[in-house]
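In order, the protein sequences belong to chains A and B.
Each residue of the first sequence is one higher than the one before, starting from 1 at the first, in this note's numbering.
Each residue of the second sequence is one higher than the one before, starting from 1 at the first, in this note's numbering.
You may find that some hints are simply not true.
Which copy is meant is left open, so a pair is good if it fits within one copy or across any two.
Said to hold, decoys possible - When the alpha-carbon atoms are kept at most 25 Å apart in a straight line, the in silico BS3-like pairs for lysine-lysine are as follows:
no.	residue 1	residue 2
1	Lys-7	Lys-154
2	Lys-348	Lys-304
3	Lys-74	Lys-267
4	Lys-351	Lys-86
5	Lys-176	Lys-15
6	Lys-97	Lys-109
Since the hints were derived computationally from the structure, they do not count as laboratory data.
Note that the structure is a prediction, hence the values are computed from the model and not measured.
There are 2 protein chains.
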Amino acid sequence: MNKRLKKLRRTLAKKDLLPYLVSDLTNIRYLTGFTGSYAALVIGGRDSFFLSDSRYEEYVRSILPRDVRFVLQKVDFCTTLEAELKTRGESALYCEKHSMSLASFMDMKSKMKRIRLYPAEDVVNEQRMVKDGEEIALLREAAAITDSCVNHLKSLIRPGMLEWDIAVEIEYFYRKRGCRRTSFDSIVASGAGSSMPHYETSMEKRIRPGDVLLIDMGCHYRGYNSDLTRTLFVNSIDPAVEKLYRVVQTAQQAALEAVRPGITTGKLDGVARNIIVREGYGQFFGHSLGHGLGLDIHELPAVKAGDVKLRKNMVITIEPGIYLPGTGGVRIEDMVLVTGGGCEVLTKSSKDITIV
Amino acid sequence: MNKRLKKLRRTLAKKDLLPYLVSDLTNIRYLTGFTGSYAALVIGGRDSFFLSDSRYEEYVRSILPRDVRFVLQKVDFCTTLEAELKTRGESALYCEKHSMSLASFMDMKSKMKRIRLYPAEDVVNEQRMVKDGEEIALLREAAAITDSCVNHLKSLIRPGMLEWDIAVEIEYFYRKRGCRRTSFDSIVASGAGSSMPHYETSMEKRIRPGDVLLIDMGCHYRGYNSDLTRTLFVNSIDPAVEKLYRVVQTAQQAALEAVRPGITTGKLDGVARNIIVREGYGQFFGHSLGHGLGLDIHELPAVKAGDVKLRKNMVITIEPGIYLPGTGGVRIEDMVLVTGGGCEVLTKSSKDITIV
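With the rest of the complex left out, here is chain A (with noise of 0.2 Å):
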């Protein structure tokens, strides 16, 4: 087994949720490597072995470890598992209950009925939340394409563009330096559009000079994503919008100081939220200060009031953002690595006022 496996195994065992059943398929990516469409992974008591069908058989063969055995799939599902399990002498196993539908549950229960069946914490989702070397340096890359890409938006933007066009070309630079595709939708939005929660990306609307522009933006790099936002100014900066802009940098730089082994996420969240109340600002900072990101764009922990703990190599985002109706909107968002003693910020892209 590898590192990964060995360390879910023994997280299971102490918790005592043997066998246990891997179906999110982001999970089974991080376990194995394995990017296909369909597969199970059950980690035993005694051995583990990989569920899939027939289309994949070769290519899982060829990304096991020795010791996880690959199960072909006949009849359907239900009754591959519950053969292989009763093989095994196992009666129970535990699924995971935040990534597994309740029809899921419900088949499989009426299903095999020699098998009781519990839901159970998400203990990879858990797991996932502290990176490995391997990841920290995917993820270190994904940042890097991230700052390039905003190196050639300020070169490129100009008053008159759409914001779409602005979308476009972010997407086609991640693309063309090797990333599958983006984190989600880029979010180009100009004057009044920056300070609304709900806005899409126009495919009218051109930025026009005195526009605040607020881009939130990430890609996704051999299976792992960044995330970035910068807001910048086009031409000139209108001095309300900059106070917005100081008081938003000020509350990002005290968390970034913050941020360190054993602090909690609601402490964090706390330290840039509390500057902004103070500048009066705080009813218009209307969501949580961050997010775990990896695999998945939202991972955990959720940066927000709550008593988790931050590790050494968490990787989470630090983002506060003003949303002034009538004025505009301001976010700073960055990657921050937790190290032993503080963080490191993967995004290096300057933070300093931009006029394009």
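Based on the hints, put chain B in the right spot on chain A.
Frame of chain A, contents of chain B only:
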């Protein structure tokens, strides 16, 4: 209420599934036009309501029909939902079992002590199988954009190009024409890659003279998805692959001619499959004949063994394929609208053997 909501309420009343919770965001979009990220819609015995948070309040009020009330989430989701149901004298709630996670269901069950929760069929997904006029118009547009992209590709592709760069050009074309994204990661598979069930468009592989070139692509246009596959030939055509092409083309044409209201998906799948089996390639056609598409790229009905009957105004794909290891793979896929007397093929790109 709009037509879609009225139809849904009639179905739910007939099936005795009121009040019913629509939690899937795509279903909510279908019923109300809402494109945000947080909402729940309850179709009640007496009235219906839409629950969301303050970020979306103004927007939701602007899109809701007059007789669907907006309910602002206060404390938390379950507290607000339970209070609204009790106000209406309700003590039960039916949930979409395929779109709801096991964890969400358990969480609601433990928090809403005065409401009995029942897992129920995803009735909205059933309704979405048959498209209305507005949906058909959008699917037609999405298909037309994809056809123009095929034309663009034919003038663009040259031996020596990277598979990756062809995929990037597909996506750039789509985006420039108003598509918010692709329906799925475009597949550009050349040579031996075309016959691999687990193939990902390569960043290193260049297309070479003599290659078969399988391209599976689709766009996401104003919420609706297109899906098309063409298999092209680079410079020349290998007679063994030409043979496969003829068989797949004959099988696809036979299936297209068999589409009509009342035929079962199993029968239709059989029409294409029998031709491929008769030619000796049955074991190399390892997937189902097609799938419904609309707001989702894969939706009901699955076009495979089974007794679901096609109905007028369903939109499905017809995509037989033969994947011969060592020789190559061929798939031909169109989007098809079921009409009163048969079908209309929405994707019009030529299926004549095309050498690029």
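Verification of the hints:
1. Neither within a single protomer nor between protomers do Lys-7 and Lys-154 lie at most 25 Å apart by alpha-carbon distance, with minima of 44 Å and 50 Å respectively.
2. In this homomeric assembly, Lys-348 and Lys-304 come within 25 Å of each other (Cα to Cα) only inside a single copy, at 24 Å, whereas the closest approach across copies is 50 Å.
3. For a Cα distance limit of 25 Å, the shortest separation of Lys-74 from Lys-267 across copies, 23 Å, qualifies, whereas the shortest one inside one copy, 52 Å, does not.
4. Neither within a single protomer nor between protomers do Lys-351 and Lys-86 lie at most 25 Å apart by alpha-carbon distance, with minima of 59 Å and 50 Å respectively.
5. Proximity of Lys-176 and Lys-15 under a CA criterion of 25 Å is satisfied in neither setting, with 45 Å inside one chain copy and 52 Å between copies.
6. In the homo-oligomer, the alpha carbons of Lys-97 and Lys-109 lie at most 25 Å apart both inside one protomer (13 Å) and across protomers (14 Å), since each shortest distance falls under that limit.
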